[in-house]
Structure formats: C-alpha cells, structure tokens
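2 is the number of the first residue of the sequence shown in the working numbering; add one for each residue after it.
Rather than coming from a laboratory, the hints here were simulated on the basis of the structure. Among these hints, one or two may not hold up.
What the hints assert, rightly or not - Here are the simulated distance ranges between beta carbons: (1) A299 / S343: 37 to 45 angstroms; (2) G101 / G270: 24 to 32 angstroms; (3) A297 / P8: 53 to 61 angstroms; (4) T454 / V388: 29 to 37 angstroms; (5) T450 / T418: 19 to 27 angstroms; (6) T233 / T59: 34 to 42 angstroms; (7) N246 / A299: 41 to 49 angstroms.
Even glycine gets a Cβ: it sits at the ideal position worked out from N, Cα and C.
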Amino acid sequence: MAVLNFPITPALGDVHNAANGIKYEYDGTKWKGQGSYTSGELKAEKLDSIASGFNGSTATFTLNVGGSLVKPHNPESILISIADVIKEPTTDYTVSSTNGTITFTGGNIPTSGQSFWGILYSRIPVGSTTNLQTTGGTLTGALTLSGAPTADLHASTKKYVDDQTTSDIAEGSNKYYTDARADARVAASAISALSNVSSTSPSSGQVLKWDGSSWGPATGAQAGINDVVEDTTPQLGGSLDVNGNSIVSASNGNIPITPNGSGKVILDGLNWPTADGSADYILKTDGSANLSWAAAPADSTKMPLAGGAFTGNITLNAQNDIRFADADSSNWVALQAPGTVSSNVTWTLPATDGSSGQQLTTDGSGALSWAAAGGTDTNTTYSVSCVDGDNTDEEKIRLTAGGDGSGTDDIVLEAGTGLSIARSGDKITFTNTVADTTLNLIDEDNMATDSATRPPSQQSVKAYVDTQVATKQASDAELTELATMASGTAGALADLTQTEVEILDGATVTTAELNILDGVTSTAAELNILDGVTSTAAELNILDGVTSTAAELNILDGVTSTAAELNLLDGVTATTAELNYTDGVTSNIQTQLNAKGAGDMTLAGAQTVTGVKTFNAAAVAEVTALTDASTVATDLALSNNFSVTLAGNRTLGQPTNQAVGQSGSYFITQDGTGSRTLAYHADFKWVGGTAPTLTTTAGAVDRIDYIVAAANKIHAVASLDVK
2 MAVLNFPITP ALGDVHNAAN GIKYEYDGTK WKGQGSYTSG ELKAEKLDSI ASGFNGSTAT
62 FTLNVGGSLV KPHNPESILI SIADVIKEPT TDYTVSSTNG TITFTGGNIP TSGQSFWGIL
122 YSRIPVGSTT NLQTTGGTLT GALTLSGAPT ADLHASTKKY VDDQTTSDIA EGSNKYYTDA
182 RADARVAASA ISALSNVSST SPSSGQVLKW DGSSWGPATG AQAGINDVVE DTTPQLGGSL
242 DVNGNSIVSA SNGNIPITPN GSGKVILDGL NWPTADGSAD YILKTDGSAN LSWAAAPADS
302 TKMPLAGGAF TGNITLNAQN DIRFADADSS NWVALQAPGT VSSNVTWTLP ATDGSSGQQL
362 TTDGSGALSW AAAGGTDTNT TYSVSCVDGD NTDEEKIRLT AGGDGSGTDD IVLEAGTGLS
422 IARSGDKITF TNTVADTTLN LIDEDNMATD SATRPPSQQS VKAYVDTQVA TKQASDAELT
482 ELATMASGTA GALADLTQTE VEILDGATVT TAELNILDGV TSTAAELNIL DGVTSTAAEL
542 NILDGVTSTA AELNILDGVT STAAELNLLD GVTATTAELN YTDGVTSNIQ TQLNAKGAGD
602 MTLAGAQTVT GVKTFNAAAV AEVTALTDAS TVATDLALSN NFSVTLAGNR TLGQPTNQAV
662 GQSGSYFITQ DGTGSRTLAY HADFKWVGGT APTLTTTAGA VDRIDYIVAA ANKIHAVASL
722 DVK
C-alpha cells in the first residue's frame with residue numbers, strides 16, 4: 002500500500018514505522034502491527050461508503066463515520082480503496098480539514114459501479130505521567146477488579162478464577178482464567194480427559210477446532226496446510242514475495258490473472274486492458290499509467306504498399322529492375338541499368354509533353370527534350386571509308402560518326418546478275434561478267450512471242466501496225482451506204498463537224514434509223530435517248546429540247562401532240578397502259594375513266610366526292626404514328642387514325658386542320674414502365690363532361706374514338722384496357 006510506504010524487499014525481523022503512526026514488524030511472510038510508535042493511542046475507524054454518488058464526473062464527497070462528519074487533518078490520515086485499488090494520498094486525492102471532504106484528482110474520479118472502502122486514522126493523546134502506555138509500564142496505584150467478566154478481553158480476579166477451577170477446567174463461553182492457573186490445570190490432565198473434547202488422537206501439526214458442540218482435531222485448511230494447493234480459496238494477507246523465484250505453471254498451462262467485475266490488472270503500477278484488441282493493434286499508454294489497445298501508427302520511414310511520396314533518392318542495387326505491370330499484372334515491362342556504368346548519369350525529363358511523333362533527345366549534359374524524329378545532328382561529322390562486305394558479291398561504304406556523335410553506319414553495295422564487285426582500299430569496282438554483248442532482236446510481224454526482254458525489229462513493227470490500221474478502216478461499202486442516205490450525197494459528210502461525227506462513234510443504229518434524224522436539231526444527249534425509237538423525223542423534231550427518257554419517248558410513238566404538250570409529260574411515271582386511258586378522251590372524263598380504269602386507284606390531295614358511293618371492297622384509312630412529347634401534337638389532315646406510346650405523363654394537344662365530320666381513333670399504349678397519365682385539350686368533349694383515366698399497367702392499350710362535331714369541338718369516347 003503506497004500510503005504506508007512498506008519496503009519492497011523486507012527481511013525477517015525488519016521494523017517499519019509507517020506514516021499512519023503504527024510500527025510494523027516483518028515475520029517473514031507479512032507485516033504485523035506492533036502498536037503506536039508516537040505519542041498517543043492510534044484510533045482506526047471505517048468511513049461510511051460514498052460509492053452511491055460515483056458517476057464519473059463528481060469528484061468531491063463528504064466524509065462520515067457512523068453518519069457523523071469527520072475532518073481528516075491531512076490526506077495521509079485516511080486510507081482509501083476504489084475498485085479494490087489503494088489510492089495514493091495527495092497524488093490521487095486531497096482532503097479538506099475544514100469541510101470534511103475528499104476530492105479525487107485527474108483520471109481518478111470514480112465511475113458508477115466501482116466499490117469503495119476507507120479507514121480514518123486518529124490519535125488519542127496520552128499523558129506520560131498520568132496514563133499507562135499500551136506498550137506496558139508500572140502502575141503506581143491499585144487496580145481493582147470486581148465481578149464476573151462479561152467480555153473476552155475483561156480481566157478476571159484471582160478469586161473468580163479459583164472459584165471456576167476447583168474442578169477440571171470446563172470449556173464453554175465466558176470461562177476466564179489467568180495464564181498461570183490455566184497452564185497448571187492443563188498440565189495436570191491430558192486434553193482427551195477434558196469434557197467436550199473429542200477422544201480422536203490428533204496428528205502432528207493439527208490444531209483443535211470447535212464444531213459447535215465439542216473440540217476436535219481440525220482438518221482441511223483450518224488444520225494447517227503443507228502445500229498451497231490444499232487451500233482452494235486462498236487470500237493474501239500481505240504482499241506476495243517470490244523471493245527471487247518465478248511463478249511457473251505446470252504442464253505448459255496458462256497463468257491467468259483475471260480481476261473481478263470492473264477490476265483492473267495492475268502490474269508495477271500500470272493499468273492493463275481487460276479485453277483483447279483488434280488484430281495487429283499495439284499497447285498504448287495515455288501517460289497516466291493507463292494502457293489500452295490502439296492501431297499501430299504508420300512508420301514514416303517506410304513506404305506503404307498503397308503508395309506515397311519519396312522524399313529522397315531511390316537506388317536499386319545489383320542491376321535490379323523498375324517494373325510496370327499490365328492491367329491484370331500477368332506481364333510487365335522494366336527499365337534496367339547496363340551491366341557496367343563508368344560514372345553516375347542523371348537524365349532530366351522535359352517539363353511538358355511533346356508533339357505527336359516527336360522523340361526524346363539529349364543535349365549531352367543529361368537534359369532531355371522533345372525533338373522531331375529524324376532531325377539532323379548538326380554537331381556530328383562523318384568520315385567515309387570502304388570495308389569488306391559480309392558476302393563475296395557485296396562491299397560496304399562505312400560512315401563513322403565524329404564530333405558529338407558516335408557509332409558507324411554501313412551502306413551495302415551488292416553486285417547483280419552479270420556483274421562482279423571488288424574493293425581496293427577505298428575504291429569499289431563493278432565488272433560486267435556477260436560474255437555476249439550483241440543485242441538479240443525479234444523479227445515477228447504478228448508479235449507472237451510477246452517477249453518482255455527482247456526488242457522487235459523495225460520491219461516487224463511496221464508490218465504489225467499496218468495490219469492493225471487496215472482492220473480499223475471503213476470499207477467502201479460502208480462509205481457508199483453513207484453516201485446514199487436520203488438526206489443527200491456523200492458530200493453531206495463533209496459538212497459534219499468532228500463533234501457530230503464523234504456522237505455516232507459506237508452507235509448501233511441502223512441506216513433507216515439514221516435517215517430519220519436528217520435535219521433533226523437535237524443534242525447528242527437527246528439523240529442517245531432515241532436509240533431504237535421508231536418515230537418519224539417529224540415526230541422527233543417535236544422532241545428537240547425534251548429531257549424525257551427513252552422509255553418515256555417510246556410511249557409517244559405515233560402521238561400528234563405539240564412540243565408544248567409533250568413537255569407537260571416530262572418526269573411523268575405513268576405506264577403505257579395508264580396513258581392509253583386518255584387516248585381519244587374529249588369530254589365526260591369521269592365516265593370514260595370509269596369505263597377505262599379498272600382495279601385500284603390512288604388519289605393525291607384533297608378530293609370531294611358528291612352523291613352516294615358504294616364500295617365493293619374495303620375502304621382503309623392508315624394508322625399514323627404520333628411523336629411522343631410532353632404535348633402530343635395531331636395533324637388531322639394526315640390521317641383519320643393515330644397511335645402513340647407514352648413514355649411519361651403527357652397532354653393530348655389541340656388537333657390542327659380539323660374538318661367537321663372527320664372521325665377516327667387514337668390508340669394509346671403504356672410503355673414498359675406504365676403508370677403514365679394523359680390530359681386532354683379543351684376541344685375534346687367527353688360523356689358526362691368527365692375525361693377518362695387511362696389503364697396504368699405497363700404495355701396496356703386504350704382506344705379513344707372521336708368525331709369532329711363542330712369547329713373546336715371533338716366528341717370522344719374511350720375503350721379502356723383493350724386486350
């Protein structure tokens with residue numbers, strides 16, 4: 002107990018005067034009180050418990066003994082235990098001798114649930130001349146004893162003892178006698194001869210034990226133990242001194258130290274954690290003897306695997322690599338120093354990226370920069386020499402770099418077929434090795450050999466050309482045919498321009514077809530259309546300037562229309578059968594069309610039909626898809642029926658081009674999400690004045706049928722969830 006300041010390693014018989022005024026003597030096992038070593042008698046009283054007020058924040062408490070206020074004169078006057086740990090005076094607590102309070106300091110404020118006990122020490126002054134010291138002394142007056150003693154420590158008179166011991170000493174409560182009388186009586190008889198004493202003979206070292214009715218040899222722990230293992234509930238009466246030995250478990254067993262409840266394990270003044278920490282945690286002190294588990298701090302001298310920034314240079318010894326792994330870390334590329342470096346070299350990279358295609362260059366002093374690839378090294382000079390080639394049919398011209406450059410480059414000269422090559426110093430000579438140098442000509446009028454390496458003779462070239470020209474020249478018969486054309490004599494050809502003649506180049510028309518063209522002023526493009534046309538010259542003249550196709554012109558064969566009328570047909574896609582419908586029409590077009598036009602008919606633009614019409618087949622109005630938007634727009638001029646898929650909450654806008662009497666349907670489909678709503682423009686009128694609520698199921702289809710009843714008034718009715 003730190004307040005009493007006992008020596009750590011006492012020896013048998015050592016005496017210690019503690020701060021509480023008590024003298025202690027060490028018996029080899031524990032310290033025993035020997036009474037006061039100062040003037041006055043020491044009085045020890047147990048303090049009332051203050052544990053009910055512990056809450057972790059209240060530090061000051063009032064001290065009482067038996068409900069009465071006490072005022073210790075200093076911290077050493079009281080002995081305090083919190084959670085079975087003795088607190089050190091002044092350091093862990095202070096007291097007020099004026100107010101009778103104790104104040105816990107720093108981290109020693111008690112918390113809820115912790116236990117408390119305390120002892121108050123005080124002295125009763127004793128005069129040396131008027132009082133007898135507890136250590137003994139000589140009475141100068143008479144000590145009067147009377148009556149029967151009533152407590153264990155009461156003195157007995159000689160007479161009382163004699164009266165009680167006239168027979169064998171009887172055991173029981175309140176039997177007192179002097180040591181001398183008791184010794185005499187005990188010595189006079191064996192223990193077994195006494196009443197209420199068991200006749201069982203005790204073993205060596207056993208003591209007597211009262212079992213409530215008789216005395217007998219004690220067994221178990223109360224009989225005295227020969228081995229600590231015999232004490233199943235041991236308690237220390239003082240400090241445990243291992244006396245230079247160790248606490249060792251048997252059979253590799255553990256040595257658990259487990260405090261009760263909120264107690265702490267305190268080793269050499271340090272409070273240890275009562276539970277294990279997380280993996281890799283370390284013990285950390287708060288500087289007030291409290292240890293706890295904490296995450297290990299990062300070592301600033303080591304680089305984490307997650308990365309970081311180096312503050313100094315990095316050196317890889319023994320030609321080790323810097324490796325850069327690919328995305329899955331299966332392969333890598335590396336940078337490595339050469340096997341031998343004669344002196345240290347540092348390359349300084351450019352501060353920014355270069356342009357596309359540039360390469361890194363050095364200035365010879367370790368500074369790298371971006372430069373165009375293949376640039377001229379203005380600081381390098383070259384010397385030229387000739388060296389032997391790697392094979393017998395080649396030699397080399399060697400360029401050796403000088404100045405700021407280094408290294409060599411070779412230009413290889415190789416002798417081809419019919420040549421040999423030889424070097425003499427810096428001179429290289431090529432020699433022709435072909436013995437026959439005569440030019441070998443081919444004399445073939447038809448060039449049948451078709452050689453790629455031998456030239457033809459002059460005579461064979463002339464003969465071949467004459468033959469080819471003769472086969473391309475017009476025959477007399479062909480020229481005569483041209484001369485007898487209906488347009489005139491052969492002299493007419495002399496009036497043809499080169500452009501006009503070239504138009505006919507390759508034409509497959511017959512003479513009869515060409516005669517039709519006599520006097521026609523059409524262009525070459527227009528005439529090409531006429532290839533195969535059987536029209537007369539008069540008819541063709543009408544076409545001058547017409548841009549119709551040959552197919553269109555064939556339809557006109559025999560037509561007596563004027564050029565102006567024919568120009569109306571330019572671009573028409575009608576078939577011959579369709580044009581024949583109008584052949585000879587003069588009046589009552591509808592009657593004649595009804596008679597001539599059988600089958601389907603398509604009418605473009607707005608049509609007005611009067612009278613009752615009967616259809617012997619279906620009359621179909623297509624369904625036109627509308628564009629989904631916040632406001633869905635409808636042009637009623639495009640169709641009668643419309644469809645739209647809603648991808649959000651929408652409004653059906655006011656339709657444009659409303660025509661009274663027009664009717665049709667809207668097909669409204671929910672998208673894959675569903676729950677889309679549709680509002681309506683005021684032009685839409687509903688049964689009872691209430692617009693319908695659409696089906697909200699994803700993919701559901703609702704149909705709205707309508708008819709335009711009047712301007713800006715559209716009657717509508719809904720068919721919901723049509724399946």
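Tested hints:
1. Distance hint check for A299 and S343: the Cβ-Cβ separation is about 40 angstroms, which falls inside the suggested range of 37 to 45 angstroms.
2. Separation of G101 from G270 is about 30 angstroms and conforms to the stated range, judged on CB atoms against 24 to 32 angstroms.
3. At about 40 angstroms, the CB distance of A297 to P8 disagrees with the hint of 53 to 61 angstroms.
4. Look at T454 against V388: about 35 angstroms separates their beta carbons, and that is inside 29 to 37 angstroms.
5. Separation of T450 from T418 is about 22 angstroms and conforms to the stated range, judged on CB atoms against 19 to 27 angstroms.
6. A C-beta distance of roughly 40 angstroms is found between T233 and T59, which places it inside the suggested range of 34 to 42 angstroms.
7. A beta carbon spacing of about 42 angstroms between N246 and A299 agrees with the range 41 to 49 angstroms that was offered as a hint.
Hint compliance for this structure: hint 3 is the single one not met.
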